[in-house]
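Asks: Sequence:
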Amino acid sequence: MTGSSVDAPAPNRSAAAMKITYYFEVLSSWCTWVEPTWAELKRRYAGQVEFQWKIALMNPEDFPVSRAQCDWFYQRSGGTVMHSPVKLNSGWFEVERKGHYEAPNLVAEAGRDFGFQGDELRLALNHAATRQGQKMGDMAVAVAVAAQAGGIDPGKLRARAESAEVRARVDASTREFFAHQISQRPAFLLEDPIGDKAVFSGLVRIEPLAATIDAMLADTAAYAAHAAHYGPPPAN
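Quick note: the sequence shown, position 28, residue 28 per our numbering, numbers continuous.
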């Protein structure tokens with residue numbers, strides 16, 4: 001996996017860490033199921049890989065149209081596919097919202113401005129929605145959950161979540177997600193310092209992700225070893 005059928009020299013760039021970007025939506029059940037995989041990847045590759053998350057809002061039409069339909073999806077993902085002993089809670093669903101559940105995502109993004117770059121706030125929001133059935137589409141509810149989880153002043157958090165700047169960041173990361181020509185969440189973008197890139201969309205199991213990370217790390221190490229022995233490529 002060198003990004004070319006030809007053994008081309010590594011691009012002229014700094015030897016930054018390999019990076020993985022996780023695109024998620026707070027209310028996505030498949031993002032709920034992938035969280036143990038994400039946590040294990042962070043544990044397994046700590047110090048070797050830079051991990052970051054970005055929000056990829058679901059389109060309103062991607063949401064279920066009733067609680068019964070939502071429960072059917074949960075039965076398929078959690079029961080049939082994941083064999084989970086935990087049944088997700090569809091209580092967050094509100095038919096009158098017509099698929100507009102931006103609030104928890106805006107709150108998760110706003111948490112960055114209070115120092116929460118990790119997973120704490122978004123996991124708290126996801127848990128409150130898909131495990132407890134809280135009405136997370138309501139900005140007040142989403143703010144209350146995140147503020148308690150992070151010890152943040154609710155008024156200040158809500159002001160940031162409703163700001164044009166935070167909304168612009170969420171819209172930009174959502175456009176970035178769709179620019180990869182994918183539609184399923186969770187999605188993972190894997191990039192290394194030698195220019196390789198891999199995109200996974202909709203997968204939740206660790207095996208294909210870990211195998212690709214291992215391959216990319218091995219290729220990066222091989223390029224570094226070659227450079228150490230032979231230096232830069234000849235100019236002509």
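For the record, the hints were derived by calculation from the structure and aren't laboratory data. The beta carbon of each residue, even a glycine, is placed where N, CA and C say it ideally should be. Treat the hints loosely; a few may be bogus.
[To be verified] Taking CB as the label site, the calculated pair distances span: (1) Q48 <-> V81: 25 to 31 Å; (2) L203 <-> K19: 14 to 20 Å; (3) K42 <-> A179: 22 to 28 Å; (4) H226 <-> H127: 42 to 48 Å; (5) L203 <-> P234: 39 to 45 Å; (6) P208 <-> V95: 54 to 60 Å; (7) V86 <-> K42: 19 to 25 Å.
[Unchecked claim] In silico BS3-like links for lysine-lysine, alpha-carbon gap of 25 Å or less: (8) K135 <-> K156; (9) K42 <-> K54; (10) K19 <-> K197; (11) K54 <-> K135; (12) K42 <-> K98; (13) K19 <-> K87; (14) K135 <-> K98.
Asks: Could you run down the list of hints and mark each one as holding or not?
Replies: Hint check:
1. The hinted window of 25 to 31 Å between Q48 and V81 holds, with their beta carbons roughly 30 Å apart.
2. Under the hint 14 to 20 Å, the C-beta atoms of L203 and K19, about 18 Å apart, fit the expected range.
3. A beta carbon spacing of about 25 Å between K42 and A179 agrees with the range 22 to 28 Å that was offered as a hint.
4. Range check, H226 to H127: Cβ separation about 46 Å, and the 42 to 48 Å hint holds.
5. One distance hint, 39 to 45 Å for the beta-carbon pair L203 and P234, holds here, with the actual separation near 41 Å.
6. Separation of P208 from V95 is about 37 Å and departs from the stated range, judged on CB atoms against 54 to 60 Å.
7. For V86 and K42, the hinted distance range of 19 to 25 Å is satisfied, since their beta carbons lie about 22 Å from each other.
8. A hinted pair counts as satisfied when its Cα atoms are at most 25 Å apart, and K135 with K156 qualifies at roughly 21 Å.
9. This hinted pair checks out: K42 and K54 have alpha carbons roughly 16 Å apart, not beyond 25 Å.
10. Simply put, K19 and K197 have alpha-carbon atoms about 10 Å apart, close enough for the 25 Å limit, and the pair holds.
11. Our distance criterion of 25 Å between C-alpha atoms is met by K54 and K135, whose separation comes to about 22 Å.
12. With a C-alpha separation of about 35 Å, the suggested pair K42 and K98 falls outside the 25 Å cut-off, and the hint is violated.
13. Distance restraint check for K19 and K87: the Cα-Cα separation of roughly 33 Å exceeds the 25 Å cut-off, and the hinted pair is therefore not satisfied.
14. For a cut-off of 25 Å, the pair hint linking K135 to K98 stands: about 14 Å separates their Cα positions.
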